[in-house]
Amino acid sequence: MNVLTMTILIFACSLVAGLLGSLTGLGGGVIIVPVLALLFGVNIRYAVGASLVSVIATSSGAAAAYVREGFSNIRIGMFLEMATTAGAVSGALLAAHISPSAIAVIFGVMLLASAYLSSRPQPELFPPTGTNRLAERLKMKGTYPVGQGQQEYEARAIPFGVGVSYLAGIMSGLLGIGGGALKVLAMDQVMRIPFKVSTATSNFMIGVTAAASAGIYLRRGYIDPALAMPVMLGVLFGSMTGSRILPGAGTRALRIIFSVVILVLAFEMIYKGVTGSL
Amino acid sequence: MTKPLGKTWSDERMQRLIGNLLRWGVLLSAAVVLCGGAVYLSRYGSTRPDYAVFRGEPAELHTPAGIVNGVFHGSSRIWIQLGLLILIATPIARVAFSIFGFLLEGDLLYVGVTLLVFGVLVFSLFASH
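Protein chains in written order, with this note's numbering: chain A, 1 to 278; chain B, 1 to 129.
Honestly, the hints are just simulated from the structure, not real lab data. In this text, a Cβ means the ideal position worked out from N, Cα and C, and glycines have one as well. Keep in mind that a hint or two might mislead.
[Claimed, not checked] Simulated pairs of lysine to any residue, SDA-like, Cα-Cα distance not exceeding 25 Å:
1. A/Lys139 x B/Leu27
2. A/Lys139 x B/Ala65
3. A/Lys139 x A/Gly149
[Claimed, not checked] Derived DEER-like restraints, expressed as beta-carbon distance ranges:
4. A/Arg133 x B/Gly106: 17 to 27 Å
5. B/Pro58 x A/Asn2: 44 to 54 Å
6. B/Ser42 x A/Ala12: 34 to 44 Å
7. A/Val146 x B/Asp50: 49 to 59 Å
8. B/Leu115 x A/Leu94: 40 to 50 Å
9. A/Pro145 x B/Phe97: 35 to 45 Å
10. B/Arg43 x A/Gly149: 25 to 35 Å
11. A/Pro159 x B/Gly106: 42 to 52 Å
12. A/Gly276 x B/Ala65: 46 to 56 Å
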């Protein structure tokens, strides 16, 4: 296989990853690293570097569309970004001291966790009952479009949500993923923010989180331009397409489909990591 | 139910501006990466890829200054890297822009929050080792 063929194949896979990642809010990076490492035999450090770049493309490319829809909440996003960027720097610094096999195993476990989280049935709305003093003071509340009107919401359990966000940042920096699964978990499960607001805000945050670790990866020489090129372009095109169909998409069915793909890749990553054949 | 909560006019406007800023940044980045990539593939498309062994990228591809300096006498790879650098800069620009947005709204709490996030990003790209 020559460079041209490999570039085209990687572009095609990245296109699908970007589309699925955008529709589920989990980010294209969740499957980019396993696909590059398992199907194309790319060294996991280069794979993580290319994935990080694609994660930024996913987030920044879709941001305009999410903003237009009125789902994302910039204050909640920015507040949690303090935790995710700090985590991303920690994770990127940690990555240099962990062997590729260990990273593969951690990646597999992380994928399993994502698959589990996204396969759980979730109610779409969490109308606030009473007020939360911390959320009021930090202005971590808002409204989002539902049918004809606007639905109000307010963040709960903010310190716990910040903790989960820091963990999401570490995973992002270590594995080159957007950490979208954990960010959505922090917002819709922990902080009780409506699912569509959580996904859109998570997508908004992912780029900033990934940029915090991408800087470190770039300076370490982990970002290979020839490999990152088809990954970035493919994921970007896929995610922009995905963001156009978000409001009408049935989130549950998509999450299940994506979870199955993730599950297969997860076991393969753990197996290859444990046997040291990666 | 229909009363807007925690969302002002300038908040909406700021978000729209940021969204457009990001889109243009990403499109510019994609165009540069695409051009560099096309030249790269026309030169090296028929060679054998080698990403299985990790060697690390050459030093001039490591730093923002190195990439910008290398662009005018550099290879197609450095052009792709410039595009990637523009891409990495889009969320950083978004954060910088948000600082002014919150300042205009007089929301000092979030000016502080955003400054902290901006500091971490600048450290990572310019000061980390």
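Now for the hints, and whether the structure bears them out:
1. A/Lys139 x B/Leu27: Violated - the C-alpha atoms of B/Leu27 and A/Lys139 are around 33 Å apart, more than 25 Å.
2. A/Lys139 x B/Ala65: violated (39 Å)
3. A/Lys139 x A/Gly149: At roughly 21 Å apart (the allowed maximum being 25 Å), A/Gly149 and A/Lys139 satisfy the hint.
4. A/Arg133 x B/Gly106: 17 to 27 Å: holds (22 Å)
5. B/Pro58 x A/Asn2: 44 to 54 Å: Between B/Pro58 and A/Asn2, where Cβ atoms are some 22 Å apart, the hint is violated.
6. B/Ser42 x A/Ala12: 34 to 44 Å: violated (20 Å)
7. A/Val146 x B/Asp50: 49 to 59 Å: Taking Cβ atoms as reference, A/Val146 and B/Asp50 lie about 52 Å apart, which means the hint holds.
8. B/Leu115 x A/Leu94: 40 to 50 Å: With a Cβ separation near 25 Å, B/Leu115 and A/Leu94 fall outside 40 to 50 Å, so the hint is violated.
9. A/Pro145 x B/Phe97: 35 to 45 Å: Hint violated: Cβ distance 24 Å, outside 35 to 45 Å.
10. B/Arg43 x A/Gly149: 25 to 35 Å: At roughly 57 Å between Cβ atoms, A/Gly149 and B/Arg43 fall outside 25 to 35 Å, so the hint is violated.
11. A/Pro159 x B/Gly106: 42 to 52 Å: violated (26 Å)
12. A/Gly276 x B/Ala65: 46 to 56 Å: violated (38 Å)
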